[in-house]
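Following the hints, position chain B against chain A.
Chain by chain, the residues:
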Amino acid sequence: MANMNPKKNPMPSQAPEVRAHNFKEVAYGYSEEMALDEAMRCLNCKNHPCVAGCPVNIHIPAFIEKIREGDFEGAYKIITKTSTLPAVCGRVCPQESQCESKCVRGLKGEPVGIGRLERFVADWHNAHSDEIPETAEPNGHKVAVVGSGPSGLTCAGDLAKKGYSVTVFEALHKAGGVLVYGIPEFRLPKTIVQKEIDTLKAMGVDIETNMIIGKTLTVDELFHMGYEAVFIGSGAGLPMFMGIPGESCKGVYSANEFLTRSNLMKAYKDDSATPIMKGGKVAVVGGGNVAMDAARTALRLGAEKVYIVYRRSLEELPARKEEVEHAMEEGIEFRLLCNPLEIHGYKNPEDPRDPKNGFVTGMRCIKMELGEPDERGRRRPVPVEGSEFDIDVDCVIISIGTSPNPLIKSTTAGLETNKRGGIIVTENGETTKANVFAGGDAVTGAATVISAMGAGKIAAKAIDESFNK
Amino acid sequence: MYRIVKKESLNSTVTLMKIEAPFVAAKAQPGQFIILRVDDEGERIPLTIAGYDREEGTVTIIFQIVGATTEALNHKNEGEYICDFAGPLGTATEIDGLKNVCIVGGGVGCAIAYPIAKKLHEMGCRVTSVIGFRTKDLVILEDEFKAVSDELFVMTDDGSYGTQGNVCAPLNDMFSQGKTFDKVITIGPLIMMKFVVGAVKPTGIPCVVSMNPIMIDGTGMCGGCRLTLNQDGKKVVKFACVDGPDFNGYEVDFDEAMSRGTMYRGFERQAHEATCNLFKKEAE
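Which chain is which? The protein sequence lines are A and B, in order.
Position one of the first sequence corresponds to residue 184 (the numbering used here), numbered consecutively onward.
Position one of the second sequence corresponds to residue 19 (the numbering used here), numbered consecutively onward.
Okay, chain B solo, but in the shape it has when bound:
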């Protein structure tokens, strides 16, 4: 059992939790993920690590309430326990030797982008951050990004906060001004990452994406998280859990990944509703 030592609502749909998991905290690196189960009958879900404190032995996760499991997780409170918390899994984001990096985060993806930006900043790397959200109420981690970025662009789709537009707009501006980076690292919804890759591609700057497909075990056993890379005209199957979650954005078949991500949409919607109804009933 793993204790929730801190819980904080970042906005109406995004929650931060600090979980006591000393073995995971001792090893965690930016870009890696964990697998958790909320309770004994629960499903296993992967969540990327949003932070860690080796001394305290805690790992921070930030999650969006999108389905039955994240709904159930969000109903847990400080001091309560979750059933399973295993990791750190996947490979760490490669940041060694980088001097000038652009981080592009979208929505709850910013939670995963932040520890990478922070680590780069601590290394003395110049950090340009672009973070995008649907609307003002969903903006998270703005102050945190400000503290570790040499330049920060906050975008909202509806213009209710920061600058109106998607994350590609400031990228295109910077590129047209002749700015360049050692690497662009992007984390967010698949469709956003696909467009970021499209925007970066003409510059030839290496562009890393963080994939978050459906997973079961997370340890390289089930193959559910497979995705297709186009490497030199050849199609290669990779597993996000052991080969990733970071991949060369130019190689990823995003359309396939988006399609695979919707496999259980009907089931998930029903399960989420059923869970919400259950909690409502309990509340009454």
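Pulled out of the complex, with its shape left as it was, chain A reads as follows:
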């Protein structure tokens, strides 16, 4: 008998006033009882629309069925048939706009907590089993994967399962891409990422760090070294800035820099060798998930006040609803319909050597209102004349997107990009260069972990097919 409770089992979490001061994970995850109860809410409906909502087509009703049977390892096996990183996806996927948005239970009440169940299954597996996914006999083919973020790891995992010899080349000193440098510990503990990477290694995937493809080696050199196909999942690139006065003041960061210092370089730990600005008043400019991560990181680093400054209204905020709610609960103040005009820096007129010179003292903003819709249908924000005002801040974090990294494009003849710099690919992830495939943010510009994984998966399939023509 199905559980007809219209509401999801709530996620047990740290209280906002507690978690705002630590870097431990916000949500604890379901207990076995909660998972069983939530699994009972799934109607196992005939059309299973949820599967179509998943970029990697996890067979959702089937894994939930296994949970109902109490066979958690069986559930894990169903998920890992199509997904490489379940513990990651269960945490960071925007399920509300993917699988859960299609759930029949969502018509009257809340959809089944698919993401929470996926996380439960992955965590249960990680705690109880060291079993690694089965891999086919080696088929003798060598594939190079550029970048160890979500698209690269997925592509590598899928190919390894099929018997390919895969080497992943990572530019940084640590594998994981955005999962380690971008997404904070409190949303995605790094031990979980490491566990997923260790699983890939156990499946035979070789990961080479400190290898900057485009610099240390070029794509063409990878072919000379015997790799027969190359997947480029090098991620988003250079942070964008607003082009307003004062953006070079001390205390102005890109979200990438701020998060990299804290996440990858562990600047949040007291004994870290990497410095970061802690405390004071912080304004984060932008409204995406990265902006929420930066704001909540700043808060946990000890900021007395953190603002999100966004030029549209709450409705248009591109961040996941859950992240916005978490941020609000933690006390982050949203300054909506508000756009920065200038960042003020300190200048001691008496003493050009004053060490405070050049540090941020505030930010001039202007109020906005929503005008006519733009080409994407979003109402365009327009400044309200004469509504300028100052906010008192010591640190500004710019989180308005990135533009693709030029390193691979500039050193790979025959690899074409669009006018925004994204690599041009077919629906199968093939680039304009023979045997070179691409996916993730390097193609689309900044997007989600799961869409990058979906692209890695499609490319792995296309690579496999190219060998079996």
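Accuracy of the hints is not assured; some may be wrong.
One side only, chain A facing chain B, incomplete, derived with CB under 7 Å [claimed, not checked]: (1) 395; (2) 420; (3) 431; (4) 437; (5) 443; (6) 456; (7) 458; (8) 572; (9) 588.
If you're looking for bench data, these hints aren't it; they were derived computationally from the structure.
In this text, a Cβ means the ideal position worked out from N, Cα and C, and glycines have one as well.
This is chain B only, laid out in the frame that chain A set:
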């Protein structure tokens, strides 16, 4: 892990190390840089490549002991390993077709200027080198520069060696004698490069500077190394890691770069002291 195959103290604050890094050595060009981490908890720091041996598979770095990380690096010995060494990053110094170049190096910047001077000399270019130091004890690479330069000026601020004065003095003399160059390439402290640019500007000779801002990833991701160029009256943001580290000196906003370079001065000082104390304790 990357092995230190050679370590040599060039003076009390400057050390040379040869690191086994065959992939980096195979590609390195003068003007490019590497990113290293000394140990697993360490910070990432950029250092410009001071030399490379493709056959041996080694890359030479020359660094000044200024902070916690360079202090820790200096405590490593021959045969020991550092955790990470990635590169070569940035663009190589453009030297194709040059016939007559003036190289101006200051302090540890001379370590980066030297491979450029050497390469120019090997190309058959006439090389005039001006190298400047605070004082006699800090002079490095004098013999090396002598070997690759058609003319060499060694300057010290206090006159304890070579000629007293800063690197601009011989430049001004040469310009007033009507000497000219295809290009002036300068590498050293920001304030020195700013003054060199000022000295060269009236001649209109192209002047290239090598910037060394604070960096994290070095691969075009964090934007921490950004600097502002004034191009035809327009302000343009560039990233030293992928667009540089070489820039047209006439365009660089040096005052901003100098200010940004001091962002973590307090932290760095404390971290350096803490590291020194740690090594002292270990020694006791």
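Item to complete: Return the numbers of the hints above that this structure violates; sort them in rising order.
Response: Of the numbered hints given earlier, the structure breaks just one, which is hint 8.
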